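Sequence order for the protein chains is R and Z.
Per our numbering, the first sequence starts with residue 38, numbered consecutively.
Per our numbering, the second sequence starts with residue 4, numbered consecutively.
Be aware that a few hints might be false.
Claimed, not checked - If you want a taste of the chain Z side facing chain R, the calculated C-beta under 8 Å gives, among others:
(1) Phe37
(2) Leu47
(3) Lys52
(4) Lys55
(5) Phe92
(6) Ile96
(7) Phe108
As the list claims (entries may be wrong) - Output of the computed footprint for chain Z on chain R, the stretches with three or more beta carbons under 8 Å from beta carbons of chain Z:
(8) 71-82
(9) 141-152
In case anyone wonders, no lab produced these hints; they're calculated from the structure.
None of these values were measured; they are calculated from a predicted model.
From the three backbone atoms N, C-alpha and C, an ideal C-beta is built for every residue, glycine too.
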Amino acid sequence: EPEVTQTPSHQVTQMGQEVILRCVPISNHLYFYWYRQILGQKVEFLVSFYNNEISEKSEIFDDQFSVERPDGSNFTLKIRSTKLEDSAMYFCASTSGLAGLTGELFFGEGSRLTVL
Amino acid sequence: GNSVTQMEGPVTLSEEAFLTINCTYTATGYPSLFWYVQYPGEGLQLLLKATKADDKGSNKGFEATYRKETTSFHLEKGSVQVSDSAVYFCALIKGYGGATNKLIFGTGTLLAVQP
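Only chain R is shown next, with the shape it has when bound in the complex (with noise of 0.2 Å):
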């Protein structure tokens, strides 16, 4: 069965560094997404990114954070300069546009970031 993949599953950075989330999500979707969740908290939507263009962004995904999907099966997150606020569990989602009007998204495992 098809599955939404990321890498890593965990990585641990210094404050002030550079990260790069990495997803391929299912092939023949066309909406990717990002949400996080910090440690006992709630799993906060981040971006949705369609037709190789964000489709609607959070607060939180301010200009220290930015997608792109580079060849056509990846799809990354990156933060250009982590704070240690940073640190939280990342999903990667993607959907394709039928399974998406009914709000069933499908979701990687995670990645672990941790900023020290």
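For chain R, the structure is supplied; the task is to place chain Z on it using the hints.
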């Protein structure tokens, strides 16, 4: 604004016990409601959904009924198994998701089922 509140975990049950995980929501209009589940080492996956008031979503023995009068979508299962051990997330989407599909999640509830 739109929000979801679900009961804090962990919830620890013996096999074959009855499960209820409470979820209430705040939203204007008529959101669609979801339960997502995350098994150990896996991504979140859709468990069940309901798109309008009084709808009952069901899957794998789990059920939840969309109650507009109490703004609730409680998850229930009559007899849990060890394999149901996971984190359960209640979520909503306002109207039709379309290109954004901005799911609004609760904090998640860890369920641990003991043999």
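Hint-by-hint comparison with the structure:
{"no.": "1", "hint": "Phe37", "result": "holds (6 Å)"}
{"no.": "2", "hint": "Leu47", "result": "holds (4 Å)"}
{"no.": "3", "hint": "Lys52", "result": "holds (6 Å)"}
{"no.": "4", "hint": "Lys55", "result": "violated (12 Å)"}
{"no.": "5", "hint": "Phe92", "result": "holds (6 Å)"}
{"no.": "6", "hint": "Ile96", "result": "holds (4 Å)"}
{"no.": "7", "hint": "Phe108", "result": "holds (4 Å)"}
{"no.": "8", "hint": "71-82", "result": "holds (count 8)"}
{"no.": "9", "hint": "141-152", "result": "holds (count 7)"}
Hint 4 alone, counting from the list given before, is not met by this structure.
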